[in-house]
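Residue numbers (my numbering), protein chains in the order written: chain A, 1 to 234; chain B, 235 to 522.
None of these hints come from the bench; they were simulated from the model. Please note that a few of the clues may not be correct.
Unchecked claim - Derived CB-CB ranges, DEER-like:
| hint | chain 1 | residue 1 | chain 2 | residue 2 | range |
| --- | --- | --- | --- | --- | --- |
| 1 | B | Arg512 | A | Gln177 | 44 to 50 Å |
| 2 | A | Ala10 | B | Ser411 | 25 to 31 Å |
| 3 | A | Asp17 | B | Arg396 | 44 to 50 Å |
| 4 | A | Leu131 | B | Arg319 | 33 to 39 Å |
| 5 | B | Leu300 | A | Glu3 | 50 to 56 Å |
| 6 | B | Arg396 | A | Glu3 | 39 to 45 Å |
Here the structure is a predicted model, which means the values were calculated and not measured. Glycine included, each C-beta is placed from N, C-alpha and C at the ideal position.
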Amino acid sequence: MPEPLLDLRAIDAYYGDFQALFGVSLSVNAGEVVAVIGANGAGKSTLLKCIAGLLPTRHGDIMFGGAPVGTAPAFEMVARGVALVPEGRRLFPSLTVEENLMIGGQAGRPGPWTLDRVYDLFPVLAERRHLRAPSLSGGQQQMAAIGRALMSNPHLLLCDEISLGLAPIVVRDIYAQLPAIVADGLSLIIVEQDIAQALKASSQVNCLQEGRIALQGAARELTRERISAAYFGV
Amino acid sequence: MQWVNVILQGVLIGGLYAMFAAGLSLIFGVMRLVNIAHGDLIVLAAYVALMLTQTLGIDPLSALLLVTPIMAAVGYALQRGLLNRTLGDDLLPPLLVTFGLSIIIQNGLLELFTADSRKLQAGAIEIQTFQVAEGVWVGLLPLIQFAVAVVVIAALQVVFYRTALGRAFRATSDDQSVAQLMGLDTRHVFAMAMALSLAVIAIAGVFLAVRANFDPAIGPARLIFGFEAVIIGGLGSMWGTLAGGVILGVSQAIGAQIDPGWQLLAGHIVFLAILAVRPEGFFPKVSG
Numbered sequence: 001m002p003e004p005l006l007d008l009r010a011i012d013a014y015y016g017d018f019q020a021l022f023g024v025s026l027s028v029n030a031g032e033v034v035a036v037i038g039a040n041g042a043g044k045s046t047l048l049k050c051i052a053g054l055l056p057t058r059h060g061d062i063m064f065g066g067a068p069v070g071t072a073p074a075f076e077m078v079a080r081g082v083a084l085v086p087e088g089r090r091l092f093p094s095l096t097v098e099e100n101l102m103i104g105g106q107a108g109r110p111g112p113w114t115l116d117r118v119y120d121l122f123p124v125l126a127e128r129r130h131l132r133a134p135s136l137s138g139g140q141q142q143m144a145a146i147g148r149a150l151m152s153n154p155h156l157l158l159c160d161e162i163s164l165g166l167a168p169i170v171v172r173d174i175y176a177q178l179p180a181i182v183a184d185g186l187s188l189i190i191v192e193q194d195i196a197q198a199l200k201a202s203s204q205v206n207c208l209q210e211g212r213i214a215l216q217g218a219a220r221e222l223t224r225e226r227i228s229a230a231y232f233g234v
Numbered sequence: 235m236q237w238v239n240v241i242l243q244g245v246l247i248g249g250l251y252a253m254f255a256a257g258l259s260l261i262f263g264v265m266r267l268v269n270i271a272h273g274d275l276i277v278l279a280a281y282v283a284l285m286l287t288q289t290l291g292i293d294p295l296s297a298l299l300l301v302t303p304i305m306a307a308v309g310y311a312l313q314r315g316l317l318n319r320t321l322g323d324d325l326l327p328p329l330l331v332t333f334g335l336s337i338i339i340q341n342g343l344l345e346l347f348t349a350d351s352r353k354l355q356a357g358a359i360e361i362q363t364f365q366v367a368e369g370v371w372v373g374l375l376p377l378i379q380f381a382v383a384v385v386v387i388a389a390l391q392v393v394f395y396r397t398a399l400g401r402a403f404r405a406t407s408d409d410q411s412v413a414q415l416m417g418l419d420t421r422h423v424f425a426m427a428m429a430l431s432l433a434v435i436a437i438a439g440v441f442l443a444v445r446a447n448f449d450p451a452i453g454p455a456r457l458i459f460g461f462e463a464v465i466i467g468g469l470g471s472m473w474g475t476l477a478g479g480v481i482l483g484v485s486q487a488i489g490a491q492i493d494p495g496w497q498l499l500a501g502h503i504v505f506l507a508i509l510a511v512r513p514e515g516f517f518p519k520v521s522g
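Whenever a hint applies, use it, and build me the whole structure from the sequences.
Structure (structure tokens):
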């Protein structure tokens, strides 16, 4: 069995005195798509923040590419090959679409993702490259946010609530591009409230409940009943 | 013709004020830091130039080639070593720390150089003038100073909107934590902004010192001129700071022409009037 790309070993995370994650363990292999689901406040976004280096963990280890991450800040995690598509997209409003993409690539990691390839993936962005980010629709902003993260040529892409606030048809279009995104062996963690979408896209599912992993398993083996039991804690 | 001369003088001095303002505006724009020590850093640059001209025997404009990188390095170190630690959600700590820094610089200069007035000697260039029209005279040095100011503002504009560094400045200004997610070390980005600001200050400081006498206590007044030019021009616009500097310079020149005691007062009154009527300035940054 090859070593996983990402290996979380019983991590705890806190916001001040408030503990948000309790001994979360999770591993992601190269090229694997992993879904993290759970209700609001279950700790999904916190988990991604820990992996991306935005929130230091207090106990447990995060291993990435076989080496401990320690307290590496976010900008160092980008250099190591982790990119986060943040919840709510959070494009830079005073930058154009193209500048947003270029800033994603500014870390200078080599790899297959270039402006042209992002524009091939999401042609609508090419048409709007010179517009400022806020003038895009929600779906286009999400495409730009994904493209911006891809521009850093990550090994692991973290996607926080891609579907949030978007029309179902737009969500479907974006998810339809996932196979093209993972084609080069990129690993993906998708945090989703849209469980159906997440299950369809992923091979492994983790359900968080109040900061703990309540259910973990292969997406095709988990029944709807077990998932809803873990999701709602009943 | 006398008034044309007065206004022309005001326009040319406005270039200097624009340079005071550009550094201030850059820092506030990128990291929401109000640098109270800005004026004292201008004076510090003047003293660095004084030391260099005296020890190396070079003229002030050549000294610029050394003062600029020295001040940029001071800016980088100051930001990395001190000011980055004060940045956060609260605007007060950086304000207090730069206020303290202002006092330290003033007193340090007083200790080292005494309260005596100094001036940089640029030689013949200082008194060269030429006639642009019947009865309208322009000094070579003010003209060089204004041209340099225009070049500095244009260069800042290019850096801000056409380079990777400028993109990093704007992205960090928009959203610090997402900037980190793009692989930007915001501590470094802030330090580069301060380095650029102090490089501009260095140029302004040398021209200030060639133009008139300076002593360790004149910094705070330069800070006020910088602030006034920024606010008249509109926050976030580099060309706006040039316009702000020119408006302030012309107001002061007209005030001085009416009565020498009115020079500073006229500038302040025009500033207050603009603040009352157009608080966002003439060229506010358009967002969205």
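**Prompt:** Is it true that the C-beta distance of B:Arg396 to A:Glu3 lies inside 39 to 45 Å, as the hint says?
**Reply:** 44 Å, holds
**Item:** C-beta pair B:Arg512, A:Gln177: status relative to the range 44 to 50 Å that was hinted
**Value:** 48 Å, holds
**Prompt:** Per the hint of 33 to 39 Å, is the separation of the Cβ atoms of A:Leu131 and B:Arg319 within bounds?
**Reply:** 38 Å, holds
**Outcome for the supplied range 44 to 50 Å, where the beta carbon pair is A:Asp17 and B:Arg396** = 46 Å, holds
**Asked** Between B:Leu300 and A:Glu3, is the Cβ distance one that fits in 50 to 56 Å?
**Response** The hint (50 to 56 Å, Cβ to Cβ) holds, given that B:Leu300 and A:Glu3 are roughly 54 Å apart.
**Item:** Verdict for A:Ala10, B:Ser411 (Cβ pair) under range 25 to 31 Å
**Value:** 26 Å, holds
Checked against the numbered hints listed earlier, the structure breaks none of them; every hint is satisfied.
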